[in-house]
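Peer 1: Residue strings, one per chain:
There are 2 protein chains.
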Amino acid sequence: MGLMDASQKPHDRLAAWLADDMAAVNALIRTRMASEHAPRIPEVTAHLVEAGGKRLRPMLTLAAARLCGYAGDNHVKLAATVEFIHTATLLHDDVVDESERRRGRPTANLLWDNKSSVLVGDYLFARSFQLMVETGSLRVMDILANASAVIAEGEVLQLTAAQDLATTEAIYLTVVRGKTAALFAAATEVGAVISGVPEAQVLALRDYGDALGIAFQIVDDLLDYGGTDAAIGKNTGDDFRERKLTLPVIKAVAKADAEERAFWVRVIEKGDQHEGDLAHARALMAKHGAMEAARAEALAWVAKARAALAVMPEHPLRAMLDDLAGYVVARIA
Amino acid sequence: MGLMDASQKPHDRLAAWLADDMAAVNALIRTRMASEHAPRIPEVTAHLVEAGGKRLRPMLTLAAARLCGYAGDNHVKLAATVEFIHTATLLHDDVVDESERRRGRPTANLLWDNKSSVLVGDYLFARSFQLMVETGSLRVMDILANASAVIAEGEVLQLTAAQDLATTEAIYLTVVRGKTAALFAAATEVGAVISGVPEAQVLALRDYGDALGIAFQIVDDLLDYGGTDAAIGKNTGDDFRERKLTLPVIKAVAKADAEERAFWVRVIEKGDQHEGDLAHARALMAKHGAMEAARAEALAWVAKARAALAVMPEHPLRAMLDDLAGYVVARIA
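Taken in order, these protein sequences are the chains called A and B. Heads up: the first sequence at position 17 corresponds to 36 in this note's numbering, and the numbers run straight through without jumps. Heads up: the second sequence at position 106 corresponds to 125 in this note's numbering, and the numbers run straight through without jumps.
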């Protein structure tokens with residue numbers, strides 16, 4: 020299949036274009052996840068890192084840097100940094116959510132224990148930190164430090180907003196920026212920063228990552244109510260069981276009559292869930308057009324992501340990033 | 020009481036000498052532990068930060084910087100950085116150890132939940148990272164990134180070494196460097212680095228922190244078998260219940276006859292503990308001089324810490340750091 024075969028998924032075309040860079044990133048990840056003293060660390064990390072994740076975030080860093088004409092080797096370090104931060108947050112998320120499956124496989128907290136997931140996550144944070152220091156760029160470190168703070172803050176906010184029917188769409192957006200968009204935005208921004216391109220292009224790539232991440236997370240939250248286990252590799256209905264206030268729920272609750280509201284209070288606030296409640300939740304979302312409305316918001320963010328790319332020079336990678344944004348929502352077309 | 024009153028504890032004399040700096044550190048900690056979006060964060064952090072901890076690590080950074088004649092304000096940022104890293108590790112440690120008391124109060128994981136402790140810990144790591152980036156010193160970031168990795172690696176090693184009677188004193192030392200000495204050493208080293216003193220003094224202060232940290236942890240592990248609840252503010256016997264292979268246990272196991280070994284296998288490896296087992300463990304340690312031998316090692320590390328200070332110029336802070344090292348072991352005199 021040719022590199023530019025339009026029938027390929029945008030993600031696969033990016034992967035093909037960036038194949039050499041990604042090979043270097045994967046080699047670096049394997050080297051840096053080792054531990055001289057604690058073999059548990061590479062065991063736990065390998066379980067997750069080699070589970071066939073899409074490596075979307077490191078690919079964004081590589082694509083941004085190459086699109087900006089970068090010719091050094093810090094983009095590989097930063098791509099590995101971003102993947103380590105992502106892997107660390109997954110390990111901690113699975114502890115917090117008490118998840119049992121991730122990427123279609125049992126989670127590390129299930130295979131080993133919560134303790135290992137917490138501590139190996141901390142180790143990967145520290146490793147990511149070492150990697151970014153090696154780039155010698157204070158601005159890059161500033162961006163990634165800020166992203167780390169936004170990620171952790173968003174996770175805490177999600178924790179306290181869960182089970183609270185008063186959660187607004189504004190709070191949801193802050194949570195989504197924390198759990199997904201902050202790292203997407205940092206991933207593309209640092210790729211631009213190390214390339215030394217004009218500020219307008221740095222901001223454009225940051226905005227692209229931010230909007231892409233928000234669209235991606237809205238779609239993920241929609242899939243949790245509409246996908247199949249096979250399609251997304253985790254249990255559909257997880258968010259419902261964990262009583263998370265995601266966008267389709269927020270929209271359905273906003274339009275609920277008294278009887279429907281009592282249902283949401285019971286299943287989300289009180290956590291009193293029975294057989295058939297998930298199907299009823301889906302029916303209420305369909306009745307109020309909550310899924311369609313959420314999908315429309317995802318599409319608006321995709322449009323923002325694409326618009327941000329306009330200031331970038333014409334380049335095959337620009338076209339692929341543009342297609343990638345479109346594809347994010349095509350998952351629920 | 021005068022600043023130099025020899026009857027004061029060394030720690031109190033340091034605190035008095037560094038009072039203005041520590042006030043600035045405390046103010047900075049309060050500012051930076053805030054969160055615009057997630058009030059849970061300052062709640063959890065305040066519970067721990069304001070529980071009357073000794074602030075030993077930030078004080079080491081301040082003392083090292085002032086001893087080196089530092090006149091800027093990055094020492095305050097780095098002292099806060101070090102305290103944030105320490106607080107983050109305490110939050111995660113209490114989750115991993117399933118602890119219920121810390122500094123004489125219920126732990127955060129007991130008052131809130133494990134989820135909050137994990138995520139607020141992550142937030143504090145990110146905040147520490149932001150603070151150190153503000154100093155603009157790549158060398159400082161390198162030191163603290165490496166210390167973070169050693170800390171996490173040591174924690175994982177402790178996890179896998181627990182319950183394993185084959186744990187050697189060398190493994191114990193690696194664990195201790197991770198859980199305590201790495202941050203002590205980084206705390207003093209960064210204070211010297213920002214001051215721009217000659218390399219020999221940087222290394223001397225790093226070695227001081229390393230040796231002080233090791234002595235401190237050995238004493239802490241001894242106290243867990245010999246102190247009283249009131250004296251150390253946590254439950255005596257915690258390490259025994261958690262089946263940790265600390266130095267006095269390793270030394271007693273090394274000298275055990277067949278019957279004693281069966282006892283250690285039952286209580287540590289199998290975790291089958293009954294009323295009276297802790298007292299019996301103490302008796303076996305006494306019989307084999309394990310406590311005395313461990314204390315002698317702590318004293319040797321104290322001597323190393325003091326010797327490291329020899330290259331520093333004469334200064335009241337040098338005398339206080341010297342006294343501090345002596346005092347660490349005086350706790351079990």
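In short, the hints are calculated from the structure, not lab data. One should not assume that every hint holds.
As the list makes no split between identical chains, a pair holds if one copy fits it or if it spans any two.
[What the hints assert, rightly or not] Mimicking DMTMM-like on lysine to aspartate or glutamate, the simulated pairs with C-alpha atoms at most 20 Å apart in a straight line are:
id	residue 1	residue 2
1	289	261
2	198	31
3	274	92
4	274	153
5	198	276
6	270	92
7	323	183
8	323	55
9	306	55
10	198	55
11	323	258
12	306	341
13	270	258
14	274	69
15	28	116
Peer 1: Checking residue 323 and residue 258: alpha-carbon separation at most 20 Å within a copy, between copies, both or neither?
Peer 2: neither (27 Å within a copy, 55 Å between copies)
Peer 1: At most 20 Å between C-alpha atoms: does residue 323 with residue 55 qualify within a copy, between copies, both, or neither?
Peer 2: Answer is neither: 46 Å inside a copy and 26 Å across each miss the 20 Å cutoff.
Peer 1: At most 20 Å between alpha carbons: which applies to residue 28 and residue 116, within, between, both or neither?
Peer 2: neither (31 Å within a copy, 46 Å between copies)
Peer 1: Within a copy, between copies, both or neither: which one fits residue 289 and residue 261 at a CA-CA cutoff of 20 Å?
Peer 2: This pair counts as within: shortest intra-copy Cα distance 11 Å, inter-copy 35 Å.
Peer 1: For the identical chains here, do residue 274 and residue 69 meet the 20 Å Cα criterion within one copy, between copies, both, or neither?
Peer 2: Intra 43 Å, inter 44 Å, cutoff 20 Å: neither.
Peer 1: Evaluate residue 270 and residue 258 at a C-alpha cut-off of 20 Å and name the case that applies: within, between, both or neither.
Peer 2: Intra 15 Å, inter 50 Å, cutoff 20 Å: intra-copy only.
Peer 1: 20 Å Cα cut-off: does residue 323 pair with residue 183 within a copy, between copies, both or neither?
Peer 2: neither (30 Å within a copy, 56 Å between copies)
Peer 1: At most 20 Å between alpha carbons: which applies to residue 270 and residue 92, within, between, both or neither?
Peer 2: Answer is neither: 45 Å inside a copy and 49 Å across each miss the 20 Å cutoff.
Peer 1: Can you tell me if residue 274 and residue 92 fall within 20 Å by alpha carbon in one copy, between copies, both or neither?
Peer 2: Classified as neither: same-chain Cα gap 52 Å, cross-chain 54 Å, threshold 20 Å.
Peer 1: Using 20 Å as the alpha carbon limit, work out where residue 198 and residue 31 are close: within a copy, between copies, both or neither.
Peer 2: neither (24 Å within a copy, 43 Å between copies)
Peer 1: Evaluate residue 274 and residue 153 at a C-alpha cut-off of 20 Å and name the case that applies: within, between, both or neither.
Peer 2: neither (52 Å within a copy, 47 Å between copies)
Peer 1: Within a copy, between copies, both or neither: which one fits residue 198 and residue 55 at a CA-CA cutoff of 20 Å?
Peer 2: Result: close only across copies, 16 Å inter versus 31 Å intra.
Violated hints, listed in ascending order, are 2, 3, 4, 5, 6, 7, 8, 9, 11, 12, 14 and 15; each of the other numbered hints is respected by the structure.
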